[in-house]
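S.K.: Chain by chain, the residues:
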Amino acid sequence: MSASDVIGSERMEALLRGDAPRTTGEERRAALLGRLRAAQLRAPETLRARVLAPAPERRPARFRMPSRRLVFVLVPAAAALAVGAALVHGLVGSGGHPVVLRTYQTPAVSSGGAVTGSGVYGPVVVHGAAKAAPFAPLPTVGSTRLQHTAASLEVRVADTDKLSQATTAATRIATSLGGYAQSVVYRTPQAGGGTAFLELRIPAANVKQALARLAALGTLVSQQVSVQDLQHAFAVQSAQIAQLRRSIAALQQALQSPSLPDAQKVLLQIRLAEQKRALAQRLHARTGTVAAGTTSRVSLVLSTKKSVVPAATHRGRIGRMVHSAVGFLALEATVVLYALIVVSPFLLLAGIAWGLNRARRRRDERRLLAA
Amino acid sequence: MKGVNAVSTSIDAPRALGARPAFADVAAEQLDAVYRYLVYLTGDRAAAEDLAAETFEKAFRMWRRFDPRRGSPRTWLCRIARTVAIDWFRAESRRKRREETYARDLGDQTEDAFGDGMSAPIEQALRELSPAEREVVALRVVLELDGPSAARVLGISQTACSTRLSRALQKLEERVGDVRE
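For the protein sequence lines, the chains are A and B, in the order given. Its first residue numbered 168, the first sequence is counted upward by one per residue in this note's numbering. Its first residue numbered 2, the second sequence is counted upward by one per residue in this note's numbering.
No wet-lab data here; the hints were simulated from the structure. Just so it is clear, CB atoms sit at the ideal spot from N, CA and C, and this is done for glycine as well. One thing to keep in mind: the hints can contain errors.
[To be verified] With beta-carbon atoms standing in for the labels, derived distance ranges:
#	chain 1	residue 1	chain 2	residue 2	range
1	A	Gly486	B	Lys59	47 to 53 angstroms
2	B	Glu58	A	Tyr505	45 to 51 angstroms
3	B	Gly178	A	Arg529	14 to 20 angstroms
4	B	Gln171	A	Ala220	17 to 23 angstroms
5	B	Lys59	A	Leu258	22 to 28 angstroms
6	A	Glu180	B	Phe61	30 to 36 angstroms
7	A	Pro512	B	Glu129	49 to 55 angstroms
8	B	Ala161	A	Asp186	19 to 25 angstroms
9	B	Met63	A	Leu258	55 to 61 angstroms
10	B	Ala161	A	Arg189	21 to 27 angstroms
11	B	Gln125	A	Arg236	44 to 50 angstroms
12	B	Met63	A	Val259	27 to 33 angstroms
13	A	Arg236	B	Glu129	44 to 50 angstroms
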């Protein structure tokens, strides 16, 4: 076969369509195609009878949806279900009677009971009508234990003159009780009103008295007191310090031994230095614990505004429903995200296995049909 | 497949309107084409007959999944037939390995396998082609599928399909010689 007999793909397509051949090679190719097409081959009658025979009546096939279409149905259905669940959750969770008017915080007080052990006493949130909160007594704590008290008070005064006087008085109260004002921020904007923020440090022994006097500077709006027991931390630190001191003494004694090899001596010296550094850290930490136990922190807010504490946001029924539904949707999205994170490696492995299997089958097919 | 014989000439009418043809009509129309394709692929009329029956049985079960917008019924049926035939090739290969001697020797068959009235040299030359080469000849030349449809049936690119066809026809020409009158 000469080079001129090579038929390009375009001419080949033309010959297949029945176009007239242009070269001798094309004539030969067209003749071959004609011979191949001319040969008759009909399906035998037995096959025709088998295929075209009336099929037996069968039950209606059960509904089967193609897998690709199933994805387009399932995904929107799942999304609709998620949104529907969120809406139902929003409807149920929105409730019918919103009542939160204002929030006041009063100290968590167990009436008459001793408060012991470690822990922070959280605020008790009271929902109710706006009225001044009375000054409540401090939690009764064991006086022999080391405890850190943190308190915050919000006091309302009549006007800016009273605000100035109350701020000065609060600083004097702290000083007179052996404490001090760590910071004072005093604001009187042109729009009127004013606020003063005071960070006071009061000796633990006088904190009750300080709170009572500070609350008397105006109308007490809210107060919050937390008491944290530090006795256990102090005991642990003391035990560690004692242990470290014993260890240091033992190491120093060992280092004085003349028979100690040089290498061993170096190791012991390193260990001794580490122990001394750890001892210094523990001592510093214990000093901090003691300081925290002997000094209370009082945050005082003096304000001329009517409402120092922002009232709870008022949402309508629809607003609360939407808020609740959005929260629920976010939760669902989080769950789906976590599920995807967990499942994705398995999906990846399954995809790889599927791809490898498909490649193997294709290779197998090629081998079978090439034989 | 009930009522297949009732309709044989009005197949194109619903298709022209974009409607889905009845399976019975498609089966009646495409039976010969599928059978020829399987004869070319297997080189064995008896096997092709069984495989064609199996193909239409499978197609009947899958008929709901046929989408006329994605291809002609002939292309769809040829894809099913190819799958069925490849399973048959696998089974034959296993059988061949299991029994040490292969009972059927395609090269020695003397009957006209690929078409009635086909000349012996062409028959012999077709027999010497591989099944992959014969099937591309069947699809493009005998069944007159266009390039994209044939490539889709074979699961290869259109270029690969065209190359395979050229190679197969060139081999046929080399073995048959000039067949011009």
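S.K.: Which of the listed hints are not met by the structure?
M.R.: 1, 3, 4, 5, 9, 12
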